[in-house]
Amino acid sequence: MKVLVVGGGGREHALCWAIAASPLLDTLWCAPGNAGIAEVADCVPIDSLDIPGLVAFAKDRAVDLVVVGGEPPLVAGLADACQAAGIRCFGPSRAAAQLEGSKVFTREIADAAGAPGAQWQRFTDPAAAKAYVRQQGAPIVVKADGLAAGKGVVVAATVEEAEAAIADIMEARVHGDSGATVLIEECLVGQEVSFFALCDGATALPLGAAQDHKRVGDGDTGPNTGGMGAYSPPPVFTDALRDDVMARIVNPVLAEMTKRGTPFRGILFVGLMITADGPRLIEFNVRFGDPECQALMVRLRSDLLPALLAACDGELARFDLRWEPLHSLVVVMAARGYPGSYAKGTEIRSLERAAQMPGVQIFHAGTARRGDGALIATGGRVLGVTATGATLAEAQAAAYAAVDAIDWPEGFCRRDIGWRAL
1 MKVLVVGGGG REHALCWAIA ASPLLDTLWC APGNAGIAEV ADCVPIDSLD IPGLVAFAKD
61 RAVDLVVVGG EPPLVAGLAD ACQAAGIRCF GPSRAAAQLE GSKVFTREIA DAAGAPGAQW
121 QRFTDPAAAK AYVRQQGAPI VVKADGLAAG KGVVVAATVE EAEAAIADIM EARVHGDSGA
181 TVLIEECLVG QEVSFFALCD GATALPLGAA QDHKRVGDGD TGPNTGGMGA YSPPPVFTDA
241 LRDDVMARIV NPVLAEMTKR GTPFRGILFV GLMITADGPR LIEFNVRFGD PECQALMVRL
301 RSDLLPALLA ACDGELARFD LRWEPLHSLV VVMAARGYPG SYAKGTEIRS LERAAQMPGV
361 QIFHAGTARR GDGALIATGG RVLGVTATGA TLAEAQAAAY AAVDAIDWPE GFCRRDIGWR
421 AL
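Per the UniProt record's numbering, residue 1 is the first one in the sequence shown, and the count goes up by one each step.
Rather than coming from a laboratory, the hints here were simulated on the basis of the structure.
Built from N, CA and C at the ideal position, the CB exists for glycine as well.
Some clues are possibly wrong.
Pairs of lysine-lysine residues, derived as DSS-like cross-links and limited to a Cα-Cα distance of at most 27 Å, are as follows [stated by the list, open to error]:
{"no.": "1", "residue 1": "K344", "residue 2": "K151"}
{"no.": "2", "residue 1": "K214", "residue 2": "K344"}
{"no.": "3", "residue 1": "K59", "residue 2": "K2"}
{"no.": "4", "residue 1": "K151", "residue 2": "K214"}
{"no.": "5", "residue 1": "K214", "residue 2": "K130"}
{"no.": "6", "residue 1": "K151", "residue 2": "K130"}
Taking CB as the label site, the calculated pair distances span [said to hold, decoys possible]:
{"no.": "7", "residue 1": "A393", "residue 2": "A131", "range": "46 to 52 Å"}
{"no.": "8", "residue 1": "D277", "residue 2": "T27", "range": "46 to 52 Å"}
{"no.": "9", "residue 1": "T275", "residue 2": "D239", "range": "14 to 20 Å"}
{"no.": "10", "residue 1": "Q119", "residue 2": "D177", "range": "23 to 29 Å"}
Kindly generate the complete structure, drawing on both the sequences and the hints.
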């Protein structure tokens, strides 16, 4: 098979790494890719939002499957454009991708399906949103309705913090038009879990769970990021909880989407809060998480490519997946200053030595090669240092040993990934 992966982050590196191991694979491309992805795939300089360019490339190269890593191309309609061109695409249609593209849409679908979640209200007027916050009190959650690169959610500890978030999102438009509408939600208390299900429109197959670390600092302090680390499987997410989530959230939502004429195919990322009253829905995403994908791929024993094909072809009812009996943990190394302003172009050394350590796999999220061959950082989140072990403690120790072997003074990481479980 000829496969094109769309994206250039750590999630896409993990997907390319897994797909490259498939005996079904003939040629693997990634657009636009990064320096790490270039070691397992041919990178092509096409932006992930250049839908005509991606479709033209896929047609010209007779690509058998397009695998979309991130949400922006899906929300923009890449899967629809592939389908119109007769190209198989792993990922939901533009209409189904609204499960991530609009948080209001998600809440409306979840309510119609009877899925347990937070109490919520939507607002298009900042004064009305602030008045509601003052009425409800804090803690309370403020969310931009549209896409915001994982940074459009503020868990406000005080009314003043919530009002400031509303001002930033709705008035200053720090996330652009994504902040024209906000949701104000009840603040759920418990442990957050990322659960993934492979969907073919009618059937959902559990794909595993992880816990990530969204805040930038140790002890879950500081602003939210795109994710500073993850581990899998999370001890809090038992088989009984998994079955409960499938029965009360995933399957009813899939049925509701089909009822509305927008069947969901691809990866359904179910953001959950495990409360004292059981699992409750925080949000849906329509793609693999980053860095959760890295934690899952190193544990997957089955060939990923047939699983993606089965989802595209409506054949998941007759499909199964096998997992290694291992724990995995990802430590994200980011450029100093992230998630605020940060320097680009700093050199990363000794990565090869770290990558050769037992049980370690390093995924690149924001890297490039300089003209002299040196590896440089090009993004905020730069590396996903991933390790497996017989226990989570072993995986954690291996990951941090690899981190410490990397020579990159301009980078930083959290030193407590996995703390909830350990």
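>> Between the alpha carbons of K214 and K130, is the straight-line distance 27 Å or under?
In response: holds, 25 Å
> Are K151 and K130 close enough, with their CA atoms no more than 27 Å apart?
Replying inline: holds, 20 Å
> How does the Cβ-Cβ distance of Q119 and D177 compare with 23 to 29 Å: does it lie in that range?
Replying inline: holds, 26 Å
> Between K59 and K2, does the CA-CA distance stay at or below 27 Å?
Replying inline: Holds, at roughly 11 Å.
> Taking only the CA atoms, is the gap from K214 to K344 under or equal to 27 Å?
Replying inline: Holds, at about 22 Å.
> Given the hint that K151 pairs with K214, does the C-alpha gap stay at or below 27 Å?
Replying inline: Roughly 9 Å separates the two Cα atoms, so the pair holds.
> Okay, D277 versus T27 on CB: inside 46 to 52 Å?
Replying inline: holds, 50 Å
> Is 46 to 52 Å right for how far apart the beta carbons of A393 and A131 are?
Replying inline: Hint holds: Cβ distance 49 Å, inside 46 to 52 Å.
> Taking 14 to 20 Å as the hint, is the beta-carbon distance of T275 and D239 inside that range?
Replying inline: At roughly 19 Å between Cβ atoms, D239 and T275 fall inside 14 to 20 Å, so the hint holds.
> Regarding the pair K344 and K151, is the alpha-carbon distance no greater than 27 Å?
Replying inline: holds, 20 Å
Hint violations for this structure: none, all hints satisfied.
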